[in-house]
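Student: For the sequence shown, numbering that gives the first Met the number 0 assigns the number 0 to the initial residue and increments by one for each residue that follows.
In case anyone wonders, no lab produced these hints; they're calculated from the structure.
Heads up, a few of these hints could be off.
Calculated cross-link-like contacts (lysine-lysine; reagent style DSSO-like; alpha-carbon spacing at most 30 Å) [said to hold, decoys possible]:
1) K140 to K83
2) K83 to K156
3) K140 to K151
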Amino acid sequence: MSKSFTTLLAGIQALSIWGLTTIAMISLPESAQAICAANPMDGVWQNVNPNTRSLVKAEYRSSCHDVILCPNGNCQPQPTDVGKIRLYGSCHPTACDWGWTNVYQQAPWVRGKYNQGFADKWVWARIQNNQLEVITLAQFKDNSGRADYATKDYFQKTSP
0 MSKSFTTLLA
10 GIQALSIWGL
20 TTIAMISLPE
30 SAQAICAANP
40 MDGVWQNVNP
50 NTRSLVKAEY
60 RSSCHDVILC
70 PNGNCQPQPT
80 DVGKIRLYGS
90 CHPTACDWGW
100 TNVYQQAPWV
110 RGKYNQGFAD
120 KWVWARIQNN
130 QLEVITLAQF
140 KDNSGRADYA
150 TKDYFQKTSP
């Protein structure tokens with residue numbers, strides 16, 4: 000065969016392989032993606048009381064988990080968290096970042112727990128009158144003799 004004919008034949012084969020690959024890729028189904036509804040709790044929240052000695056700021060991010068159908072009855076366990084919350088305590092000169100903790104549904108609240116070493120702090124949060132309401136229950140476990148306490152704080156959203 001001539002060199003130009005061999006080159007032409009190789010080019011046709013390459014185009015054929017490329018075409019078949021493209022068709023195969025186009026015909027493959029796309030992976031499913033969950034569609035999550037907007038959650039009004041998502042965002043950054045500031046305490047409505049600028050002089051609070053409690054929590055000064057809260058951040059909330061909802062979780063969106065895929066729904067798995069179980070046609071053969073063999074289902075995998077799904078995460079039970081509905082989101083995560085990050086709280087900031089009143090400290091000086093800057094707020095104390097408590098970090099993120101997962102929250103779980105306990106309608107109409109979401110609830111979570113912080114283990115801060117010296118104390119366990121349970122938190123409940125919900126939307127109430129367009130504000131984020133957060134209740135915190137602190138239980139001291141460091142034998143310091145401090146009394147356990149509960150607080151209730153209200154927050155206004157500052158950013159989504």
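Student: Does each hint hold? Answer for all of them.
Tutor: The hints, checked one at a time:
1. K140 to K83: Distance ~24 Å between K140 and K83 Cα, so the pair holds.
2. K83 to K156: holds (16 Å)
3. K140 to K151: The given pair, whose Cα atoms are some 21 Å apart, holds under the 30 Å limit.
Violated hints are absent here; each numbered hint is respected by the structure.
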